[in-house]
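In the order they appear, the protein sequences are chains A and B.
The numbering of the first sequence is this note's numbering, which starts it at 1 and goes up by one.
The numbering of the second sequence is this note's numbering, which starts it at 1 and goes up by one.
Keep in mind the hints are simulated off the structure, nothing from the lab.
Check each hint, because a few of them may be wrong.
It does not matter which identical chain is used: a pair holds within one copy or between any two.
Here are the simulated lysine-lysine pairs, DSS-like style, with alpha carbons at most 25 Å apart [what the hints assert, rightly or not]:
| # | residue 1 | residue 2 |
| --- | --- | --- |
| 1 | K239 | K106 |
| 2 | K267 | K132 |
| 3 | K249 | K239 |
| 4 | K88 | K268 |
| 5 | K279 | K132 |
| 6 | K249 | K237 |
| 7 | K165 | K63 |
| 8 | K88 | K63 |
Source: prediction; values computed, not measured.
Protein chains: 2
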Amino acid sequence: MNKDETILIVGLGLMGGSYARGLTKAGFNVIALDKNKESIDYALANGIIKEGTSESTEEFLSKADYVIITLYPTEIVKWIENNQDKLKGNAIITDICGVKACIVDKAQSILRKDLELISTHPMAGRELSGVKNSTESIFEGANYLIVKTDLNTERGVSFAEEIAKTLKFKTISTVSVSEHDEMIAYLSQLTHCIAISLMNGNDNDELCRFTGDSFRDLTRIANINENLWPELFIDNKEKLIESIDVFVKELNELKDDIRSDDYDALKKKMISSTERRKKFNKIKDAD
Amino acid sequence: MNKDETILIVGLGLMGGSYARGLTKAGFNVIALDKNKESIDYALANGIIKEGTSESTEEFLSKADYVIITLYPTEIVKWIENNQDKLKGNAIITDICGVKACIVDKAQSILRKDLELISTHPMAGRELSGVKNSTESIFEGANYLIVKTDLNTERGVSFAEEIAKTLKFKTISTVSVSEHDEMIAYLSQLTHCIAISLMNGNDNDELCRFTGDSFRDLTRIANINENLWPELFIDNKEKLIESIDVFVKELNELKDDIRSDDYDALKKKMISSTERRKKFNKIKDAD
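Only chain A is shown next, with the shape it has when bound in the complex (with noise of 0.2 Å):
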């Protein structure tokens, strides 16, 4: 990559307004496609990027040497289809979705044969939405993970590895599609599905004035966007499910213990997810 080169996002909501920020601060030519053409304007207007349309025409997507894709799962497979013709031979294309399986494979089986796919997630994100919200800030010191197949190549690879360090993400990973969907299953989703539940499982109106930080730590991501993650829950159905099956044994071993006075099982139990704990902060987490 090179700063000649122009970069498309397709989707300017709040990850893609985010994309767009850290790559046009680091001098890429930044362009942008949404349907929303209020969100374009707002984008061109605030210098989030330098081109921007609510028309895929083939004049405005051949301009793009590498396209990021921030649309919703269903819409990813459905973009590439009905537009992967009017885009620029040898273009690199990415998503950022945060279930894999259920559109790399399909994607990568129906494009162009001068194209490439390479799949990625950047695992960071904010309780709002909307290109007016984004900030190239929730990337820093952030994980990175590209989902490489057999049909990527080095350039692909290379192309991942440096949006990532121009958005200065901490740790950079490959894995595979099904080590993604499954390590996703229990660090994402599991956590989701568990804030939701334990904000919808009290509905005593005066809990707000009894809370504490641990409360409100464990349920800000109950404020979730409820048109994306339904579909994302689905498409990882398989290994979503077994994720909360082994949290909810390992919880009602701790209620055991709780039952029958084990202090020293809960204590061991304590000693060990503290322990765990800690290879989890952030750098700027740590004290």
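Since the structure of chain A is provided, determine the placement of chain B on it from the hints.
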């Protein structure tokens, strides 16, 4: 309360130290008792307290007009039993313990007739321990519970309120012992059980390279004091087990929606959790 009066902190750890710092800064005459002489020396050297000792002498304890006990749950009643004879007439005592049924009734029943115990629960803390990590900033904007019984007087309640206001707590609520323990089972104890189980449920060492903020948020309190919390869980076991069961039922319902591809049910649960979560922001959380 006036600034000539003396407040005794019993137990100079994270919480005791934070109380001492805040009350000293507000101009009160703060003294402390802790069996660990190093903690006392540190607090004296750093101006956190005016006087301190490791010896429970009548000469020292009788100086206090108010006593704030920040000991572990099992030590509170014992301390009162062993030391109340050395306290000044009409002194007011508070504890800050996270469970109440197992403490308050017992303590109030054995208390010298001229003394008063007004039980309180500051909903604040941090994942560190010891006076060196104490800071009064943990109280700012947090909730404060006064656990009132029939034996409490207006003077006792006013004392508790004044402490809360001095330390800049946001919302002060008065509750019964039983209400307290029920709320705390769900809001605080269940969340700690979830964090521990989430952290212990997957022993893949690679997980930390894949994690995002959601997993970090949900496991922050998996870093837990293993000497304190087994007591808290077991002392409130009936209500805590009920809370775990309610939560697991809710989570399993969500799982069923995922299994049956029920987008609408999932969406409805997410709209509800998002709506409810809004009430739980701290002032300093709000965007």
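Here is what the structure says about each hint:
1. For a Cα distance limit of 25 Å, the shortest separation of K239 from K106 inside one copy, 19 Å, qualifies, whereas the shortest one across copies, 49 Å, does not.
2. In this assembly of identical chains, K267 and K132 lie within 25 Å of each other by CA distance solely across copies; the values are 24 Å between and 46 Å within a copy.
3. Taking CA atoms no more than 25 Å apart as the test, K249 paired with K239 passes in both settings, with 16 Å inside one copy and 20 Å between copies.
4. Taking the closest pair of Cα atoms, K88 and K268 never come within 25 Å of each other, the shortest separation being 59 Å inside a single copy and 42 Å across copies.
5. Taking CA atoms no more than 25 Å apart as the test, K279 paired with K132 passes between copies only; the shortest distance there is 23 Å, against 33 Å inside one copy.
6. Proximity of K249 to K237 under the C-alpha cut-off of 25 Å is found in both arrangements, the shortest distances being 18 Å within a copy and 19 Å between copies.
7. In this homomeric assembly, K165 and K63 come within 25 Å of each other (Cα to Cα) only inside a single copy, at 24 Å, whereas the closest approach across copies is 62 Å.
8. For the homomeric pair K88 and K63, the shortest alpha-carbon distance inside one copy (7 Å) is at most 25 Å, but the shortest distance between copies (83 Å) is not.
Checked against the numbered hints above, the structure violates only hint 4.
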